[in-house]
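Q: Based on the provided sequences and hints, a complete structural model is requested.
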Amino acid sequence: VQAANGRTRALMRFGLLELAPDTGELRKGGRPVRLQPQPARVLAVLAGRAGELVTREELHREVWGEGTHVDLDQGINFCIRQIRAALGDSAEAPVYIETVPRRGYRFLAPVEDASPAPGGPPPSPPPVPARRRLPRSAVSAVLLLLALALTLFAAARAGRPPSKSPEGRAMLAVLPFEDLSGEPGAEHWSDGLTEELISQLGRIDPGRLGVIARTSSMRYKGTREPVDRIGRELGVDYILEGSVRRSGERWRITAQLIEVRDQTHLWAESYDREAADVLAVQREVSERVARALALELLPGRAAAAPPVPPAAREAFLKGRYLLNKRDRTAAETEKSVSLFEQAVAAAPSHAAAWAGLADALAALPRPPRQIVPRARAAALRALEIDPGLAVAHYRLAGIHLYYDWDWEAARREYERALELDPGYATAHHSFAAYFSILGRHDEALAGWSARGSSIRCP
15 VQAANGRTRA LMRFGLLELA PDTGELRKGG RPVRLQPQPA RVLAVLAGRA GELVTREELH
75 REVWGEGTHV DLDQGINFCI RQIRAALGDS AEAPVYIETV PRRGYRFLAP VEDASPAPGG
135 PPPSPPPVPA RRRLPRSAVS AVLLLLALAL TLFAAARAGR PPSKSPEGRA MLAVLPFEDL
195 SGEPGAEHWS DGLTEELISQ LGRIDPGRLG VIARTSSMRY KGTREPVDRI GRELGVDYIL
255 EGSVRRSGER WRITAQLIEV RDQTHLWAES YDREAADVLA VQREVSERVA RALALELLPG
315 RAAAAPPVPP AAREAFLKGR YLLNKRDRTA AETEKSVSLF EQAVAAAPSH AAAWAGLADA
375 LAALPRPPRQ IVPRARAAAL RALEIDPGLA VAHYRLAGIH LYYDWDWEAA RREYERALEL
435 DPGYATAHHS FAAYFSILGR HDEALAGWSA RGSSIRCP
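What the sequence shown shows, in my numbering, is residues 15 to 472, in sequence order.
If you're looking for bench data, these hints aren't it; they were derived computationally from the structure.
Each hint should be verified, as a subset may be incorrect.
[Said to hold, decoys possible] SDA-like cross-link-like pairs, simulated, lysine to any residue; straight-line CA separation at most 20 Å: (1) K339 x T440; (2) K42 x F28; (3) K42 x A123; (4) K42 x A458; (5) K339 x T229; (6) K349 x T113; (7) K349 x R380; (8) K349 x E201; (9) K235 x L194; (10) K42 x D103; (11) K42 x S450; (12) K42 x I451; (13) K349 x H202; (14) K349 x R388; (15) K339 x S104; (16) K349 x D205; (17) K235 x Q270; (18) K349 x I385; (19) K339 x E192; (20) K42 x V59; (21) K339 x S444; (22) K42 x E126; (23) K349 x P382.
It should be emphasised that the depicted structure is a prediction, and the values quoted were computed from it without experimental measurement.
A: The structure is reproduced here in structure tokens:
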């Protein structure tokens, strides 16, 4: 790999990472990072042409050679996945490697020539924090805490869930509402109802009612696990479950609140509503849960949100359903953008749809300069309509962090998102990553440990 001054680069540095192109050795903070030889060669080519588009054909020629016959797509895709895993990068929010659809890849990070001068000493690696030996008293405290944790775990496994969490809060899990409509592709509606109930209940009074994150609850979708087992696994005192059935433009929603300890029903209710009244049903279910738990958390009813037309509501839920899929394809991401655009066109004052559009745009596999301005505008529009929408603050934080490099603005938005929705698991994860990106790993770990108890995300 040639440097700008014409001499061969024996060592390339980007951030805390160093790559020796000749040997394929990759190090982070002076410590080796495992990367197979072929992906290492691909990384060397991309980093050696940082900022440039490197086509897939060029990669094939430089890494495998002209006379080599391999499956071009499979070989390159494998290498890119391995590189991203080694660098801690992602295709959705790339820091190092950007995918240019149907063309190739671009290395985004600035690359320094860290090669030693001819006859000079080898460069010193970035400093690695020295290991600190814990005092004996601290070791004893850690062992005592581990013993206590094991005791509590054994008690839980024995079927004696506590009536309150260690913080003195009641803990609630909203299980995925079951879709009984029998219509293909209708489950987006039941998933959307589950997600919004989690969000609404999580904002009632986080100091007294903790709500399990969506990512933990959704793994019970379609299962028939007993309530007591789910309660033990999630560490909750109460479970809200229900079903949704659609008939034309009318919906029948059933919900029931169960106390895990003795599996008794605290209340059960059915709602028959027009599609336009669905938001009112969500508010009503949230209030009933709070009353049933006798928390007195609702001194007054919130102002009614403007009605959302059924067509906008349908497009929003379908878009969110596609975006929440772990294994979604690029085509499904494109489709979610189209659905959110339909939702905001039909209901320009639907803040959640604008926030969904911002999320979908940010997930598109396109150059940031093409999509980030649109995602920013959508997130800001959502906050104009509803300044208390945590998901819009979260998306804006990511834009400030990864696109603007405005650390303070990113921090403010992450903190605001978590203030509004303390159980927002994705925001907790990203805020911890924020500190790690700045090299403040102790703060990332400390912040995650302190905040993790509020989301209870196993």
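Q: Against each hint, give a clear statement of whether it holds in the structure.
A: Comparing the hints with the structure gives:
no.	hint	verdict
1	K339 x T440	14 Å, holds
2	K42 x F28	10 Å, holds
3	K42 x A123	15 Å, holds
4	K42 x A458	18 Å, holds
5	K339 x T229	11 Å, holds
6	K349 x T113	19 Å, holds
7	K349 x R380	15 Å, holds
8	K349 x E201	17 Å, holds
9	K235 x L194	13 Å, holds
10	K42 x D103	14 Å, holds
11	K42 x S450	13 Å, holds
12	K42 x I451	13 Å, holds
13	K349 x H202	14 Å, holds
14	K349 x R388	16 Å, holds
15	K339 x S104	16 Å, holds
16	K349 x D205	18 Å, holds
17	K235 x Q270	16 Å, holds
18	K349 x I385	15 Å, holds
19	K339 x E192	17 Å, holds
20	K42 x V59	19 Å, holds
21	K339 x S444	19 Å, holds
22	K42 x E126	14 Å, holds
23	K349 x P382	19 Å, holds
Against the hints set out earlier in the document, no violation occurs for any number.
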